[in-house]
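Number of protein chains: 2
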Amino acid sequence: MKKNSKVSDAIEGVKRGDLVSVSRALTLAADGQKEADEILRAFFKDLGRAQKIGLCGPPGVGKSSLSSRLISLYRKRNLKVGMLAVDPSSPISGGSFLGDRLRIQEHIGDTGVFIRSIASRGMVGGLSGTIFSQIHVLEAYGCDKILIETVGIGQDEVAIARAADTVVYVTTPQLGDEIQAMKAGVMEIGDLFVVNKADLEGKDKAVSDIRAALGLGQARSLSVQERLHHGGLDAGVLVETKEPRAWEPPVLAASARDGEGLEPLLESLDRHEKYLKETSEGRRRLKNQCREELSLYVSRRLYRDFLSKVSEKDIEDLVDHKMNLVDLASEILK
Amino acid sequence: MKKNSKVSDAIEGVKRGDLVSVSRALTLAADGQKEADEILRAFFKDLGRAQKIGLCGPPGVGKSSLSSRLISLYRKRNLKVGMLAVDPSSPISGGSFLGDRLRIQEHIGDTGVFIRSIASRGMVGGLSGTIFSQIHVLEAYGCDKILIETVGIGQDEVAIARAADTVVYVTTPQLGDEIQAMKAGVMEIGDLFVVNKADLEGKDKAVSDIRAALGLGQARSLSVQERLHHGGLDAGVLVETKEPRAWEPPVLAASARDGEGLEPLLESLDRHEKYLKETSEGRRRLKNQCREELSLYVSRRLYRDFLSKVSEKDIEDLVDHKMNLVDLASEILK
Numbered sequence: 004m005k006k007n008s009k010v011s012d013a014i015e016g017v018k019r020g021d022l023v024s025v026s027r028a029l030t031l032a033a034d035g036q037k038e039a040d041e042i043l044r045a046f047f048k049d050l051g052r053a054q055k056i057g058l059c060g061p062p063g064v065g066k067s068s069l070s071s072r073l074i075s076l077y078r079k080r081n082l083k084v085g086m087l088a089v090d091p092s093s094p095i096s097g098g099s100f101l102g103d104r105l106r107i108q109e110h111i112g113d114t115g116v117f118i119r120s121i122a123s124r125g126m127v128g129g130l131s132g133t134i135f136s137q138i139h140v141l142e143a144y145g146c147d148k149i150l151i152e153t154v155g156i157g158q159d160e161v162a163i164a165r166a167a168d169t170v171v172y173v174t175t176p177q178l179g180d181e182i183q184a185m186k187a188g189v190m191e192i193g194d195l196f197v198v199n200k201a202d203l204e205g206k207d208k209a210v211s212d213i214r215a216a217l218g219l220g221q222a223r224s225l226s227v228q229e230r231l232h233h234g235g236l237d238a239g240v241l242v243e244t245k246e247p248r249a250w251e252p253p254v255l256a257a258s259a260r261d262g263e264g265l266e267p268l269l270e271s272l273d274r275h276e277k278y279l280k281e282t283s284e285g286r287r288r289l290k291n292q293c294r295e296e297l298s299l300y301v302s303r304r305l306y307r308d309f310l311s312k313v314s315e316k317d318i319e320d321l322v323d324h325k326m327n328l329v330d331l332a333s334e335i336l337k
Numbered sequence: 004m005k006k007n008s009k010v011s012d013a014i015e016g017v018k019r020g021d022l023v024s025v026s027r028a029l030t031l032a033a034d035g036q037k038e039a040d041e042i043l044r045a046f047f048k049d050l051g052r053a054q055k056i057g058l059c060g061p062p063g064v065g066k067s068s069l070s071s072r073l074i075s076l077y078r079k080r081n082l083k084v085g086m087l088a089v090d091p092s093s094p095i096s097g098g099s100f101l102g103d104r105l106r107i108q109e110h111i112g113d114t115g116v117f118i119r120s121i122a123s124r125g126m127v128g129g130l131s132g133t134i135f136s137q138i139h140v141l142e143a144y145g146c147d148k149i150l151i152e153t154v155g156i157g158q159d160e161v162a163i164a165r166a167a168d169t170v171v172y173v174t175t176p177q178l179g180d181e182i183q184a185m186k187a188g189v190m191e192i193g194d195l196f197v198v199n200k201a202d203l204e205g206k207d208k209a210v211s212d213i214r215a216a217l218g219l220g221q222a223r224s225l226s227v228q229e230r231l232h233h234g235g236l237d238a239g240v241l242v243e244t245k246e247p248r249a250w251e252p253p254v255l256a257a258s259a260r261d262g263e264g265l266e267p268l269l270e271s272l273d274r275h276e277k278y279l280k281e282t283s284e285g286r287r288r289l290k291n292q293c294r295e296e297l298s299l300y301v302s303r304r305l306y307r308d309f310l311s312k313v314s315e316k317d318i319e320d321l322v323d324h325k326m327n328l329v330d331l332a333s334e335i336l337k
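Protein chains in written order, with this note's numbering: chain A, 4 to 337; chain B, 4 to 337.
Bound conformation, chain A alone (with noise of 0.2 angstroms):
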C-alpha cells in the first residue's frame, strides 16, 4: 500500500508528542476508512502499555466529574492519562454531543492530558471497533492510564468491558428501585464499584445493597440471578450460581464533588493494575480484547464491502415481497 503522507505525518508527529497530530490520527482512526488501517498498522505494537480503566453507570451519577478528578490526581504524580469520553450520537446527523465541558476546561493547556469525545454511532461495531484503533493512539502517545467514559447503558456498557482493563461501576445513593434491578444486569463487569454523591443520605444502605448483591460479607453466599423468559403461557425461574472470584470487587463510597475517597479509589486502581499483571487474568483479558478487536475490525472491514454490493434495486425488493433477504444475502455472498 502507497503511504499516504497525511497519515505518516500524523504517525511520526503522534511519536514526537505532539498533541495536533495526536488530534489528527484520533480523528483518521475513528473514521474505519482505510487510513484507519495504517495507523492501526503502526500503533498496535502499543497494546498493553496503559491501563485502561472503563466508567460505566447510568446517567446523572457524576462519572465525568470523577473522571476529571482521576485526571487531576494522576496528573500530580506526572502520569500522562488519556481519556475517550463516548457520547450518545444522533444517528442521522452523526453529531456528538459533549455534556459537561468543565472536565475539559480545567485541563485545557496541559499536555499530559488529551481527551476526546467519541459519538457512539449505530453502525455495527461502530463503537468497539473504532475504540480500539483510538486507544492505540493514546498508548503511543504514551499515556499511562486512559479512561473510558461512557453515558450509554446497555451495549455501549458492554462494549467498553470489553476494551478496557478495569471497570469502575458508578453509582449514587439516590438511584431508586428500577435503577438497581437493571444493574443487576451489568454488575458482573464490575471490578470497582464507586457510590458516588456519598454527602447524600443513604450512602451506606447503597453500599451494603451493593455488596449483598455481589455476594460481599456474607461467607460466599450465591449471587442469585433469575432469567424469566414468558412465552405467554410458561414462565421459567433460572438460578445460576457463581464461582468465586479471585479478586473481590472494592464497592467504595466517595464524592467527586466534594473531593472524598479519590485516594482509596485511585489505590484500588492500583491494585487492580498489579492484581491483573501478576495473576493470569491480565493476560486472559487483554487477548479477549484483542479477540474483540480482531472480529470487529474484520467484519468492518466485510460490512463496508457488502455494502457496496447491495443495488437500491434489491432492496425495493425487498420492500416489495419480490426477493427473500436470506436468499439475496446468499446471491450476494456467493
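Incorrect hints may appear among the rest.
Which copy is meant is left open, because identical chains are indistinguishable; a pair holds if it fits in one copy or across any two.
[Stated by the list, open to error] Here are the simulated SDA-like pairs of lysine to any residue, each with C-alpha atoms no more than 25 angstroms apart in a straight line: (1) K337 with S311; (2) K37 with I335; (3) K312 with S298; (4) K48 with V322; (5) K316 with L289; (6) K325 with E15; (7) K312 with I335; (8) K290 with V313.
Honestly, the hints are just simulated from the structure, not real lab data.
Let chain A serve as the given structure and place chain B on it in line with the hints.
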C-alpha cells in the same frame, strides 16, 4: 437445505396462531444460527404488516407502565399486540433481567398479547440482527401493533429507531440537567414525545423545554447542535441547521399510573401510522429497515464464518506482538 422438522413445526404453528409455537419460533430466531435462517425465510414476507412502535428514553421514566397501558387500550380495540422488551444483559452469563414483571402479569392468559424479553448481548449486530427476525415472527402471528421497548441508551436506542416505524421518546418532569443535555443527542429519533409522570411538578416546563429544543412554536427556529471536539489545543463549535419536517412531532403529557393523557397518545400513534402510509416516508423507512436487516444478517453470517478461522495461536501472537492485527486479518480474509 434439508428442513428441520422442529423448525417447520414451529413455522406451521405460528401460522395456525399457536402461542407455544410463537415462543419457540422467537427463540430459534433469536439464536441467529442455521435454524434462524429458516424462520426468517418463512416469515420475511410478512414485513410491513404491523405498526412497529419503539419506546425509548432514560431508565426510570415509566416506559414499562406506559407499554402496559398501551397494550390494554389496543386490546380494547381488539387489536393483536406483540411486545419485545430489550433488557440490559449480563455479558458473561448472557442472562436477561426483566425488571418489571407487573406488565406481564397484567396480560397473562390473553392470547392477543405476546410479550418477550430480549437480552441485548454485546455481540456484533446481536440486538438488531435478531430483533428483525423476531418482529417477522410476531407479524406472521398476526400482530397489528408491535411495541419495542428498551432500557438501554445509546447503541440500543439507535438500533430500535432503525427497526421501528414510529419512535416514542419518553421522559419525565423530574429529569435533571444532565439527562436533559444527553437527550439532545437522541432527540432526532423521536416521532412523538411523552412527558410521563405528568402528576409531578414541572410538567408544563418539561413540555415547553422539549418543544423549544425541537424548534416548535417559534416560527421554526434553527435546531442548533454544538459539536465540540477538543484536541488539547483546539476547540471548535459547529452549528448545524435542520430542514423543516413534514411531520411535526407532538409533545404530550401523560400519566401511565393514573391513566391520563393516554387517548391523545393513541391518537397520535394512529396519526403517525397514517402519515407513514400516505407519504413516501413510510416506504423510505421500510427500505431503511430492509437495508439494515440485510447488512446485519450478512455481517452476522460472515462474523460466524470468520470466528471459526481464528485460532488460539493467532490471538497469542497478537498479544505477544509477533503479529500485527491488520496483517492477520488480511491473511484470514484471503
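Results of checking the hints against the structure:
no. : hint           : in the structure
1   : K337 with S311 : both (14 angstroms within a copy, 19 angstroms between copies)
2   : K37 with I335  : both (23 angstroms within a copy, 18 angstroms between copies)
3   : K312 with S298 : both (21 angstroms within a copy, 11 angstroms between copies)
4   : K48 with V322  : between (46 angstroms within a copy, 9 angstroms between copies)
5   : K316 with L289 : between (44 angstroms within a copy, 14 angstroms between copies)
6   : K325 with E15  : between (53 angstroms within a copy, 22 angstroms between copies)
7   : K312 with I335 : both (7 angstroms within a copy, 21 angstroms between copies)
8   : K290 with V313 : between (35 angstroms within a copy, 12 angstroms between copies)
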